[in-house]
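**Q** Sequence:
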Amino acid sequence: MRLITLLITLVFFSSSLWAQKDEKEKENELSNSTQFLIENLVEDSDGENFDFGTQFEYLEEYRKNPLDLNNATEQELTAFGMFSAIQIQALLLYRKRFGQIFSLYELQGVPTFDVKTIVRLTPYIAVAATKEQEKMNFGKMFKFGRHQIFARYQRILEQQKGYKPGTGTRYLGSPDKFYLRYRMTYKDRMSLGLTMEKDAGEEFFTGSNPQGFDYYSGHFYLKKISKHVHSIALGDFQVYFGQGLTVWGGFGIRKGAQVLNIKRISLPIRPYTSVNEALFMRGAAGHFRFLKENNLEVTVFGSFRQRDANIQSELDSLTDDLDIEVSSLQDIGYHRTISEIEDENSIGFLTSGARVRYTGKSWHVAGNFVYNYLTNELKKEKPALYQQYDFIGKQSLNASIDYSVRYRNIQFFGETAVNEKGGIATLNSLLAELDPRVSIAVLHRYYDKKYYTLNGNAFGETSDASNESGLYIGLESRLGAGVKMSTYFDLFRFPWLRYQVDAPTQGYEVFGKLEYSPNYFVNTYAQYRFERKGKNLSNNLTHIDQIINHDKHNLRFHFGYKASSQLALSSRIEFSFYQNQEFNQGFMIYQDVVIKPKIIPLKMQLRLAFFDTDNYDTRIYAYENDVLYAFSVLPYYGQGLRYYFNINYRINQYLTAWFRFSQTYFVDREVISSGLGEIEGRTRSEIKIQLRAKF
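Reading the sequence shown from the start, the letters are residues -19 to -1, 1 to 676 in mature numbering (1 follows the signal peptide of the UniProt record, and there is no 0).
Treat each hint with caution, since some may be false.
Claimed, not checked - Keeping only pairs whose Cα atoms sit at most 30 Å apart, straight-line, the calculated DSS-like set for lysine-lysine is:
1. LYS121 <-> LYS77
2. LYS363 <-> LYS516
3. LYS431 <-> LYS361
4. LYS77 <-> LYS158
5. LYS543 <-> LYS516
6. LYS516 <-> LYS431
7. LYS430 <-> LYS516
8. LYS430 <-> LYS533
9. LYS205 <-> LYS121
10. LYS97 <-> LYS402
11. LYS168 <-> LYS208
12. LYS360 <-> LYS402
13. LYS121 <-> LYS45
14. LYS402 <-> LYS363
15. LYS77 <-> LYS342
16. LYS430 <-> LYS363
17. LYS360 <-> LYS375
18. LYS45 <-> LYS577
Claimed, not checked - With beta-carbon atoms standing in for the labels, derived distance ranges:
19. ARG78 <-> ARG631: 41 to 49 Å
20. THR54 <-> GLN644: 43 to 51 Å
21. MET117 <-> ILE313: 36 to 44 Å
Honestly, the hints are just simulated from the structure, not real lab data.
Positions of the beta carbon are idealized from the N, C-alpha and C atoms, including for glycine.
Just need the whole structure built from these sequences, with the hints factored in.
**A** This is the structure in structure tokens:
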């Protein structure tokens, strides 16, 4: 039966576009595949603080060193990030039943793996016979390692208020933004790098930054060192434990179009190569494996770094010591004004932790421990009522147990955590394949109002895993002939007060997407999302706070067509409706064009968009193509048009250049933005220039 399936899929694929592509054309499309996958992950993020660049780099590393589907463990398959838990479950069952996979074509015989998924993942996956791990050889690594250098320049062309002479509070640096990075890698075994960045408005080789750049980040990472030493990280790194209730570095998928992707799992430590100045550890970490089958894993880490914080300093009249009070931690990473510089690196942040995991044939259990110590006490002099259960003090402690069990096409997983105040958080989920064409995900969460974590990022309406309970149900149906329907319903409750919500509230969210992709050339879908949340009544003249429902609807129609290997088109129209005390609405329409001439190594991405929204509540987010490792998920609001073009030109086998220009023109205002970012006029323009050298 397996041989027949393989022969049929071989015949089918040999007549498809995938099998017809030559290697050169396939290589040119690899970054496009990476971009498509990332776009699907972040399209519905609504501009949240996700570390898109790091996720992009992970995928690009898999492009250079494809994931071996025959030898990858469940943890490695999930850390890949592009398979749903149900697909991983189906693949493991297939391997157990039939043994080694001989060809990627054979994946057609694995339930839940459709042609489109296989085609898009082909650059990142491979099948190979079981082989012995190459021994660690530093001489070979440094001799045959790959080197990359990135240099990027970025600037808003119009003058902003913060750069005008004579302004009281102003930006101390220039409006130029600089980014410089070096990285050396050897397969997936070693990574060595240094990243530097100066944001617009920050000083450069002067003032608060006599050393040059405002931000420096370096790392050294080794993987698969020996049978028992899996990985070591020095310098800057990220830590991933459980489902994110204690610590989770960076990118954390929540509700979105990939309705089954609710399970978080990653290799416990990874090198940090991005520029977000808050989402990383700085120190050392190690991941070790023991016992005959390496099914006992131990991860330990220690980190100490300076963090930005909102501070108030006061001179003690008795001791002449300077008392520093910290009201909150910051994560924006800007140091442009005197007040921002005063808050820079104002508090020491020590974090240490450990994880012990035991894996059986179809289950695992793990214990996690994370300890934080702040060099200055975090406290609020006059906390608002909703802040009553926020973290204060110098020390915090989080401990948890995470677990999973798999039986045939059903998987149960979860995590339960506690902090030093006795606050409880628990997340438990069930994933099941009801039919070869129908899969379901059910997730329940309960986060006590007394629970907090300084390093976590868990599934929910917010990422801080506090003051929330909810039930999520996602359903995916593969109806055949290229038709797929995805939907979810999420019911949530906030048992305590929140910012601008002066009472316990509840709400719900509904999502539906109908997608039609009959072949490699066409992708079209219709998508609807509705969310209801309670918020304070604004302009309330009574002494009693009133809560009213805020309803938001989004309706999207998208059509993508790959006309040829040189031309691709995407069209979208999206509507937004917002109802609270009054009704507001908006719409956005855009046309994307991607051109790749055959005669020159150039790629051009263009967009023209028109938008008309009543206010910021009806804003519409859209992903924008950008230079490599830079990402844009921007809100379109007000009235106007926006366009950009992004050009990628390969100068030779060593050098590649990017140039991007974008401009927004508003018809409903003559002043854009506010504060120090204010621009007098109707346009906001930005350029980016990037150069990559690899050798």
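**Q** If a hint holds in the structure, say so; if it does not, say that too.
**A** Hint-by-hint comparison with the structure:
1. Simply put, LYS121 and LYS77 have alpha-carbon atoms about 36 Å apart, too far for the 30 Å limit, and the pair is violated.
2. Between LYS363 and LYS516 the CA atoms are separated by roughly 22 Å; this keeps the pair inside 30 Å, and the hint holds.
3. This hinted pair checks out: LYS431 and LYS361 have alpha carbons roughly 16 Å apart, not beyond 30 Å.
4. For the hint linking LYS77 to LYS158, the alpha-carbon distance of about 52 Å lies beyond 30 Å, and the restraint is violated.
5. With a C-alpha separation of about 44 Å, the suggested pairing of LYS543 with LYS516 is violated against the 30 Å cut-off.
6. As the CA atoms of LYS516 and LYS431 are separated by approximately 21 Å, the hinted pair is consistent with the 30 Å bound.
7. For the proposed pair LYS430 and LYS516, the alpha carbon gap of about 18 Å is at most 30 Å, so the pair holds.
8. Our distance criterion of 30 Å between C-alpha atoms is met by LYS430 and LYS533, whose separation comes to about 26 Å.
9. Straight-line distance between C-alpha atoms of LYS205 and LYS121 comes to about 15 Å, which keeps the hinted pair within the 30 Å bound.
10. A C-alpha spacing of about 49 Å is found between LYS97 and LYS402, which places the hinted pair above 30 Å, so the restraint is violated.
11. The suggested pairing of LYS168 with LYS208 holds, with an alpha-carbon distance near 18 Å, which does not exceed 30 Å.
12. A C-alpha spacing of about 16 Å is found between LYS360 and LYS402, which places the hinted pair at or below 30 Å, so the restraint holds.
13. As the CA atoms of LYS121 and LYS45 are separated by approximately 18 Å, the hinted pair is consistent with the 30 Å bound.
14. Proposed proximity of LYS402 and LYS363 is supported: the alpha carbons are some 21 Å apart, at most 30 Å.
15. With a C-alpha separation of about 11 Å, the suggested pairing of LYS77 with LYS342 holds against the 30 Å cut-off.
16. Between LYS430 and LYS363 the CA atoms are separated by roughly 19 Å; this keeps the pair inside 30 Å, and the hint holds.
17. Straight-line distance between C-alpha atoms of LYS360 and LYS375 comes to about 9 Å, which keeps the hinted pair within the 30 Å bound.
18. In summary, the hint linking LYS45 to LYS577 is supported, as the alpha carbons are separated by about 22 Å, within the 30 Å threshold.
19. Distance hint check: the CB atoms of ARG78 and ARG631 are about 44 Å apart, consistent with the given range 41 to 49 Å.
20. For THR54 and GLN644, the hinted distance range of 43 to 51 Å is satisfied, since their beta carbons lie about 48 Å from each other.
21. For the hinted restraint 36 to 44 Å between MET117 and ILE313, the CB-CB distance of approximately 40 Å keeps it satisfied.
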